[in-house]
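Protein chains: 2
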Amino acid sequence: MDKEELFQFIAEQKTAFIGSVNEQGYPVIRAMLAPRKIDGNDIYFSTNTSSNKIKQFTANEKACVYFYKRGRFKYQGISIIGEMQICTDQPTKDMIWRFGDKLFYKQGVTDPDYCVLKFTCKKAEYYCDFKIETIEF
Amino acid sequence: MDKEELFQFIAEQKTAFIGSVNEQGYPVIRAMLAPRKIDGNDIYFSTNTSSNKIKQFTANEKACVYFYKRGRFKYQGISIIGEMQICTDQPTKDMIWRFGDKLFYKQGVTDPDYCVLKFTCKKAEYYCDFKIETIEF
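Chains as they are written, first to last, in this note's numbering: chain P, 1 to 137; chain W, 1 to 137.
One chain only, chain P, in its complex shape (with noise of 0.2 angstroms):
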């Protein structure tokens, strides 16, 4: 699998996994919304400023965002690490931000409980019938 590929498995997923290492160093997962915008190396999802996550992120930017598809004979796996950056400047609260949003965020794309987390690739380990391929970004 390439990095091509890469994206193009992520840009089909519906769900993403994101890790983050917490206050007393646990790995921390919770399921999130499917990326927004893939850029070259880097991964964009919408979040709560106020979530935990964030809070862990601001302390230790270490991250892993996984995607899976588990097909009726195929197993397939991508678990990415890098680090998590937490945008709250408004041309990026811009460029990620979708009609739909205002359901979650009252007063609009400058709401201060929505923010953006952009995750920049550095390693992905591709899980494909019991073998694993390395990439490198």
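Incorrect hints may have been included.
In silico DSS-like cross-links for lysine-lysine, where the CA-CA straight-line distance does not exceed 25 angstroms [said to hold, decoys possible]:
#1 K106/P to K122/P
#2 K131/W to K106/P
#3 K122/P to K122/W
#4 K69/P to K93/W
#5 K131/P to K102/W
#6 K122/W to K74/P
#7 K69/P to K74/W
#8 K122/W to K55/P
#9 K118/W to K93/W
#10 K55/W to K106/P
#11 K93/P to K131/W
#12 K131/P to K106/W
#13 K55/P to K102/W
#14 K14/P to K131/W
#15 K74/P to K106/W
Here are some chain P residues pointing at chain W (derived, C-beta under 8 angstroms) [as the list claims (entries may be wrong)]:
#16 T15
#17 S20
#18 V21
#19 I29
#20 R30
#21 A63
#22 R70
Please keep in mind that the hints were generated in silico from the structure rather than gathered at the bench. Quick reminder that beta carbons are idealized off the backbone N, C-alpha and C, glycines included.
Put chain W on the given structure of chain P with help from the hints.
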């Protein structure tokens, strides 16, 4: 959600997501088959002794186990942090073994590449409809 309901939810899921912390301090997520057994606050998985996660849990026992269910109108997720122990003793391997495992471990239940992961729950967060509940063990 109480502990009983939490373990009931887990027992209904076909996939588990496991988080470890790697040598460089990055969280790493992988999908796993559903747990083999739940006993008290312990959740058992079967896996390959030679896998990367075994190296990571040997160096750092801090772990996360995540389960989720995404319905049409409702999303539920459970993220549990705790300690992961690697069991290579024969009584535990015997307890967790299932007949079909022969497909993956040619030497059967004594195969040195077959081992058991025992996760002890410490604290869980249950996400449902944008609300979070905390469950302590």
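Here is what the structure says about each hint:
{"no.": "1", "hint": "K106/P to K122/P", "in the structure": "35 angstroms, violated"}
{"no.": "2", "hint": "K131/W to K106/P", "in the structure": "17 angstroms, holds"}
{"no.": "3", "hint": "K122/P to K122/W", "in the structure": "31 angstroms, violated"}
{"no.": "4", "hint": "K69/P to K93/W", "in the structure": "29 angstroms, violated"}
{"no.": "5", "hint": "K131/P to K102/W", "in the structure": "18 angstroms, holds"}
{"no.": "6", "hint": "K122/W to K74/P", "in the structure": "33 angstroms, violated"}
{"no.": "7", "hint": "K69/P to K74/W", "in the structure": "20 angstroms, holds"}
{"no.": "8", "hint": "K122/W to K55/P", "in the structure": "20 angstroms, holds"}
{"no.": "9", "hint": "K118/W to K93/W", "in the structure": "11 angstroms, holds"}
{"no.": "10", "hint": "K55/W to K106/P", "in the structure": "46 angstroms, violated"}
{"no.": "11", "hint": "K93/P to K131/W", "in the structure": "24 angstroms, holds"}
{"no.": "12", "hint": "K131/P to K106/W", "in the structure": "17 angstroms, holds"}
{"no.": "13", "hint": "K55/P to K102/W", "in the structure": "45 angstroms, violated"}
{"no.": "14", "hint": "K14/P to K131/W", "in the structure": "21 angstroms, holds"}
{"no.": "15", "hint": "K74/P to K106/W", "in the structure": "21 angstroms, holds"}
{"no.": "16", "hint": "T15", "in the structure": "6 angstroms, holds"}
{"no.": "17", "hint": "S20", "in the structure": "6 angstroms, holds"}
{"no.": "18", "hint": "V21", "in the structure": "5 angstroms, holds"}
{"no.": "19", "hint": "I29", "in the structure": "4 angstroms, holds"}
{"no.": "20", "hint": "R30", "in the structure": "6 angstroms, holds"}
{"no.": "21", "hint": "A63", "in the structure": "7 angstroms, holds"}
{"no.": "22", "hint": "R70", "in the structure": "6 angstroms, holds"}
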